[in-house]
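A.B. asks: Could you slot chain B onto chain A? The hints should help.
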Amino acid sequence: MDDKELVRLFWDRDETALAECGQKYGSWLRRIAMNILELPEDAEECVNDALLAAWNRIPPHEPESLKAFLGKLIRDIAVSRYRENHAARRDSSLRVMLDELAETVPSSFRVEDEVEANALSALIESWLRAQKKDERALFVRRYYYGETVKSLAAAYGCSEQKMAQIMLRLRRSLKKAIEKTEAVK
Amino acid sequence: MNSEDIYKGIGGISPDLLEEAETHNFSVRRKPRILKWAAAAAVFVVLCGVGVYGATGGFTVKKLLLNGYEVKAHISRIPMKAIKGNVNEASVLIPEQYKNYSPYSSLFPGSFYKNVSSAEEAAAYIGYDKLQIPVFPYDHTDNFQVAVVGGQDGRISQIQIMRDAYSEKVSAQNWTTLFTEHYDGDVFDIGFAGDPSAEMQEFTTANKLRCIVFESDAQLAGRKSLTAYITTGDVVYMCHSAFNTADRAEAEKIIHDWAESIK
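If you read the protein sequences in the order shown, they are chains A and B. So that you can map any letter, position 112 of the first sequence is 112 in our numbering, and since no number is skipped, the others follow by simple counting. So that you can map any letter, position 175 of the second sequence is 175 in our numbering, and since no number is skipped, the others follow by simple counting.
Possibly wrong hints are sitting among the right ones.
Claimed, not checked - Below are the BS3-like pairs computed for lysine-lysine, each with C-alpha atoms no more than 30 Å apart in a straight line: (1) A:K150 / B:K224; (2) B:K81 / A:K132; (3) B:K62 / A:K24; (4) B:K72 / A:K24; (5) A:K176 / A:K24; (6) B:K99 / A:K180; (7) B:K253 / A:K132; (8) B:K72 / A:K4; (9) B:K81 / B:K169; (10) A:K133 / A:K176; (11) B:K8 / A:K132; (12) B:K224 / B:K169; (13) B:K8 / A:K4; (14) A:K180 / A:K133; (15) B:K8 / A:K133; (16) B:K114 / A:K67; (17) B:K224 / B:K81; (18) A:K162 / B:K263; (19) A:K150 / B:K8; (20) A:K176 / A:K150; (21) A:K150 / A:K67; (22) B:K62 / B:K72; (23) B:K72 / B:K253; (24) A:K150 / A:K132; (25) B:K8 / A:K175; (26) A:K67 / B:K62; (27) A:K133 / B:K72; (28) A:K176 / B:K208; (29) B:K114 / B:K81; (30) B:K253 / A:K133; (31) B:K114 / B:K130; (32) A:K4 / A:K67; (33) B:K169 / A:K24.
In case anyone wonders, no lab produced these hints; they're calculated from the structure.
Looking at chain A on its own, in the form it has when it is part of the complex:
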């Protein structure tokens, strides 16, 4: 079933939308949640919560990309779950990823509302599109999908150390892009 038909089922309040959606995107969502939470039971609950959230939001939403819509939901839900669990080990996957991303944060920049959050997304996207394809894909796989540095190194054919350096360079580049935007404001 294609995404348009799936969204139509949501709009028609047809509960088969949840089953169809789970069948099509369940494993994809579960893997993202697993990368963040590292606990299968929690990841499974997050998938259910994401599907329920989609049910509650469509309508009124009519997402152009159901996959991206669900991806955003599962990431937000997984982070919330992570906070709830928060016997947060320093070496947990999300903690490590957030610590890495902290390096991209200019101290003066504030995200106060949704408009600014959307502007930040647009800025990150614009920066991503200016990167080489390899590096763009690596960045998205690391910080959207939560794939580990080790796994990326294996896919890319380099050492973990080399991959960590690539990531460091990308984070510094993103930080500069954000600072540059802030300076123009």
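C.D. replies: Just chain B now, with coordinates in the frame of chain A:
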């Protein structure tokens, strides 16, 4: 701003960037792991472990980030006038299944199975002149059938020769599939999505046919499997063997002999 703002900001990027990240073919390739039998082949290209999206001979292969591969065969639907054997009887028998269908006493209509005892009998029953019968490793075959799928209107959409066999060490399956002009699905979607352990390799046979091979760990009781595909003459040939690690050589030989027997 904090790191979570950045994290959420990344969550708002466009779907095309997500798709690209899943399917992008990295320019740096991992060192190949070469199957013993494939090393002897003239050409051997390894595509394992990296993002791949492109045509590989008779197939389009898409490496998914999370779930293995999606593979589609490049074949044309075969006109029914090219299928001249008695398999055409299914265009009468299948509508009768629908007509006589009883939910409590009949099999679900739409499929017709013909038991055969030899490769020659199967080929004659179908009557398609480009059809080949690849070698199969064991004399003893547990299941040897021609399966025909059709609609209530008698139109035959798919014909498949199925052979299963088992040795003490290795189980093997051999499927040969024809899609007719009445097949309305996406042209032969092989799949493998959902098997993150799958790795794909490719080699060219002595007869210059490209063969793609998936190795998977997703078998019961810790067994592995090799599943190979070749297309020629608009027919899709598949050979699958499941084995314990110690019996790998026998499983590889089955795939190798099968592939080399297709012209």
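A.B. asks: Does each hint hold? Answer for all of them.
C.D. replies: Verification of the hints:
1. A:K150 / B:K224: Satisfied, since the Cα-Cα distance of roughly 24 Å is no more than 30 Å.
2. B:K81 / A:K132: Not satisfied, since the Cα-Cα distance of roughly 51 Å exceeds 30 Å.
3. B:K62 / A:K24: At roughly 17 Å apart (the allowed maximum being 30 Å), K24 (chain A) and K62 (chain B) satisfy the hint.
4. B:K72 / A:K24: Roughly 18 Å separates the two Cα atoms, so the pair holds.
5. A:K176 / A:K24: Violated - the C-alpha atoms of K24 (chain A) and K176 (chain A) are around 38 Å apart, more than 30 Å.
6. B:K99 / A:K180: With a Cα-Cα distance of about 73 Å, the restraint between K99 (chain B) and K180 (chain A) is violated, given a limit of 30 Å.
7. B:K253 / A:K132: 43 Å, violated
8. B:K72 / A:K4: This hinted pair holds, its Cα atoms lying about 23 Å apart.
9. B:K81 / B:K169: 42 Å, violated
10. A:K133 / A:K176: 19 Å, holds
11. B:K8 / A:K132: 22 Å, holds
12. B:K224 / B:K169: 12 Å, holds
13. B:K8 / A:K4: The given pair, whose Cα atoms are some 26 Å apart, holds under the 30 Å limit.
14. A:K180 / A:K133: 22 Å, holds
15. B:K8 / A:K133: Between K8 (chain B) and K133 (chain A) the Cα gap is close to 22 Å, so the pair holds against 30 Å.
16. B:K114 / A:K67: 43 Å, violated
17. B:K224 / B:K81: 41 Å, violated
18. A:K162 / B:K263: Violated, because 46 Å separates the two Cα atoms, which is more than 30 Å.
19. A:K150 / B:K8: With a Cα-Cα distance of about 23 Å, the restraint between K150 (chain A) and K8 (chain B) holds, given a limit of 30 Å.
20. A:K176 / A:K150: 26 Å, holds
21. A:K150 / A:K67: 26 Å, holds
22. B:K62 / B:K72: 9 Å, holds
23. B:K72 / B:K253: 25 Å, holds
24. A:K150 / A:K132: 21 Å, holds
25. B:K8 / A:K175: 15 Å, holds
26. A:K67 / B:K62: 17 Å, holds
27. A:K133 / B:K72: Holds - the C-alpha atoms of K72 (chain B) and K133 (chain A) are around 25 Å apart, at most 30 Å.
28. A:K176 / B:K208: 53 Å, violated
29. B:K114 / B:K81: 20 Å, holds
30. B:K253 / A:K133: 40 Å, violated
31. B:K114 / B:K130: 20 Å, holds
32. A:K4 / A:K67: 11 Å, holds
33. B:K169 / A:K24: 36 Å, violated
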